[in-house]
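J.: Given next are the chains, with one letter for each unit.
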Amino acid sequence: MIRFENVGLRYGMGPEILRDVSFTIPQRSFQFLSGPSGAGKTSLLRLLFLSLKPTRGLVNVFGRDRATITRSDLPMFRRRIGIVFQDFRLLDHMTTYENVGLPLRVRGRSEASYKGDVIELLKWVGLGDRMHAMPPVLSGGEKQRVAIARALIEQPEILLADEPTGNVDPPLARRLLRLFIELNRLGTAVVIATHDIALMEQVDARRMILADGRLHIHD
Amino acid sequence: MTDVATDDLDEFRAEPMPARNRSASRRKPTPIVPPRNVAGTALAIVIGIMTFLSCLTLGAVSLVRDSASRWEVQIASEATIQIKPADELDMEAALEKAAAIASGYAGVTEARIVDRAATARLLEPWLGEGLDLDQLPVPRLVVVKIDKQHLPDFTGLRIALADALPTASLDDHRTWVDRLVAMAHTTVAIGFAVLSLMLAATVLSVVFATRGAMSGNNGIIEVLHFVGAEGRYIAGQFRRHFLVNGFRGAAIGGLAAAATFAAFSLWSARNLATPQGDQANALFGSFSIGVNGYLGVLLIVLVVSFLTAATSHITVLAYLSELDSKSASED
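These protein sequence lines map, in sequence, to chains A and B.
Read left to right, the first sequence gives residues 1 to 219 (the working numbering).
Read left to right, the second sequence gives residues 1 to 331 (the working numbering).
This is chain A alone, in the form it adopts within the complex:
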């Protein structure tokens, strides 16, 4: 589904922070992306989300070479990739329900056509009773689940999550992890960027470890 071959990335004239990174993300796969802080996890996620272009190497996304994807194509690709940001990036002036429905609303879909899906998804992440709450009054865990629901509303083929458990306590982290696992069982490929070793030990999944700009894969 996504393939990286000898990908290198540098910011400006600085040193290369990703070097010769090669991997594939098959459909319905589940993997952790780990490594120390500053190792380039977020940069690699941004490459996967097409918000950065590699300095060198080949990135193939859903059968298309990244170099041939134009700006006008990006919205179409992004609908197939769900992303959960570390800082959630919710719109504070909209309700939980509206935040989750946002990806469909911006595509011009009428509310009647997606209302049921949003309500169902919010119930699935356990926020059925927080539908009309505004993000500023939600707890960190609730915001995280709203962000996850928003990433899933378009039924993406792959979900990218950047430190999804970074702002929550360990019990809630476990519960969020189970949410991702269930999602994966339903058919979505999942990439979770984390440096939480305890979290990774709970799941027997592929680990992609970034260190010194290079990627080591432990299947």
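Read the hints as simulated data drawn from the structure, not as lab findings.
C-beta atoms are modelled at their ideal positions from N, C-alpha and C, and glycine is treated no differently.
A hint or two may mislead.
Label pairs and their in silico Cβ distance ranges [said to hold, decoys possible]:
1. T41/B to V137/A: 31 to 41 angstroms
2. E322/B to R107/A: 19 to 29 angstroms
3. F306/B to G12/A: 34 to 44 angstroms
4. L197/B to G38/A: 13 to 23 angstroms
5. F306/B to G140/A: 18 to 28 angstroms
6. D65/A to F306/B: 13 to 23 angstroms
7. P31/B to S139/A: 18 to 28 angstroms
Here are the simulated SDA-like pairs of lysine to any residue, each with C-alpha atoms no more than 25 angstroms apart in a straight line [stated by the list, open to error]:
8. K28/B to E120/A
9. K97/B to D172/B
10. K97/B to S69/B
11. K145/B to A120/B
12. K145/B to Q82/B
13. K28/B to K53/A
14. K115/A to K84/B
15. K28/B to R107/A
16. K145/B to E129/B
17. K28/B to L138/A
18. K53/A to L323/B
19. K84/B to E230/B
20. K97/B to R112/B
21. K84/B to P156/A
22. K53/A to E230/B
23. K28/B to A112/A
24. K53/A to E222/B
25. K145/B to L53/B
26. K97/B to S67/B
27. K28/B to A133/A
28. K97/B to P152/B
29. K97/B to A112/A
30. K115/A to V244/B
31. K28/B to G116/A
32. K28/B to H132/A
33. K84/B to R109/A
34. K97/B to D147/B
35. K28/B to G128/A
36. K53/A to N218/B
37. K148/B to D171/B
38. K53/A to R232/B
39. K148/B to V114/B
40. K53/A to P156/A
Please arrange chain B on chain A, whose structure you already have, making use of the hints.
T.: Okay, now just chain B, sitting in the frame of chain A:
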């Protein structure tokens, strides 16, 4: 693949949604761009003030221009025949003759002799009351009214007068009119220069205030971009929002300016017979900016609103372009 049970996912599952929530979700959706915030209010205030000042400048320039052209027309609509006294000259007969010659020319609508009483009044500031014109060799005047559309043949008239009355001379006020026209044109040119500066200041203030108000919305633009919104959809949302906001500010500024003009016009109409009113009237005519002035105010309001919307549109597209064209330029 995984060894974590998902049975306790039910911990997240909530009770069925209460009925009140269902009805609440039928309300109008929240606008994607927050309708009111501090930056938006500040922007509307800046736009309102700049529109008000621009409209006042436009009104003032239009007033000066109208007054200048009125002075020009008023002075140009008269000429004067002056007859100097001479030995053996019957002044009254000469005046009649001069008036008759002038009346005979096409383009002269009236030739009026300034009678002895009026002449004495004209000289009163210099020679005092009770002047006996017979004791002084005072020149006499004939005021010639001119049809502004068809000017008479001044050269022919001048020659005819010289032939019939050697001491008569014709003053068509050309020198005075030329000076006045030059002054009026200079005044209008200065007015337009001031108006151009004012409009340039308004454009810059509106553009930078809009950009300032937009900078607080980068987070929203990013979220919309990352959830897959097309660039033109995002730009359209902001354009609509800023058009409404800009129009609100500009309309308030324009209405305030129009109200100011209307108040001046009313004041001027009410004070027509008073010394202050006459003074203002002599300088600025009726003190009314006319339909064109009000249309100018409307035009400024529309241009300012359009400018606000266009700036937000361009700012969104520029920011999106910056987001997408990043090739590992920052993190």
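J.: State for each hint whether it applies.
T.: Results for each hint:
no., hint, verdict
1, T41/B to V137/A: 31 to 41 angstroms, "violated (24 angstroms)"
2, E322/B to R107/A: 19 to 29 angstroms, "holds (23 angstroms)"
3, F306/B to G12/A: 34 to 44 angstroms, "holds (38 angstroms)"
4, L197/B to G38/A: 13 to 23 angstroms, "violated (52 angstroms)"
5, F306/B to G140/A: 18 to 28 angstroms, "violated (44 angstroms)"
6, D65/A to F306/B: 13 to 23 angstroms, "violated (42 angstroms)"
7, P31/B to S139/A: 18 to 28 angstroms, "holds (26 angstroms)"
8, K28/B to E120/A, "holds (21 angstroms)"
9, K97/B to D172/B, "holds (18 angstroms)"
10, K97/B to S69/B, "violated (34 angstroms)"
11, K145/B to A120/B, "holds (21 angstroms)"
12, K145/B to Q82/B, "holds (14 angstroms)"
13, K28/B to K53/A, "violated (39 angstroms)"
14, K115/A to K84/B, "violated (100 angstroms)"
15, K28/B to R107/A, "holds (18 angstroms)"
16, K145/B to E129/B, "violated (29 angstroms)"
17, K28/B to L138/A, "holds (22 angstroms)"
18, K53/A to L323/B, "holds (11 angstroms)"
19, K84/B to E230/B, "violated (87 angstroms)"
20, K97/B to R112/B, "holds (12 angstroms)"
21, K84/B to P156/A, "violated (105 angstroms)"
22, K53/A to E230/B, "holds (19 angstroms)"
23, K28/B to A112/A, "holds (12 angstroms)"
24, K53/A to E222/B, "holds (17 angstroms)"
25, K145/B to L53/B, "violated (42 angstroms)"
26, K97/B to S67/B, "violated (36 angstroms)"
27, K28/B to A133/A, "holds (16 angstroms)"
28, K97/B to P152/B, "holds (18 angstroms)"
29, K97/B to A112/A, "violated (96 angstroms)"
30, K115/A to V244/B, "violated (29 angstroms)"
31, K28/B to G116/A, "holds (17 angstroms)"
32, K28/B to H132/A, "holds (13 angstroms)"
33, K84/B to R109/A, "violated (93 angstroms)"
34, K97/B to D147/B, "holds (21 angstroms)"
35, K28/B to G128/A, "holds (20 angstroms)"
36, K53/A to N218/B, "holds (21 angstroms)"
37, K148/B to D171/B, "holds (16 angstroms)"
38, K53/A to R232/B, "holds (22 angstroms)"
39, K148/B to V114/B, "holds (21 angstroms)"
40, K53/A to P156/A, "holds (21 angstroms)"
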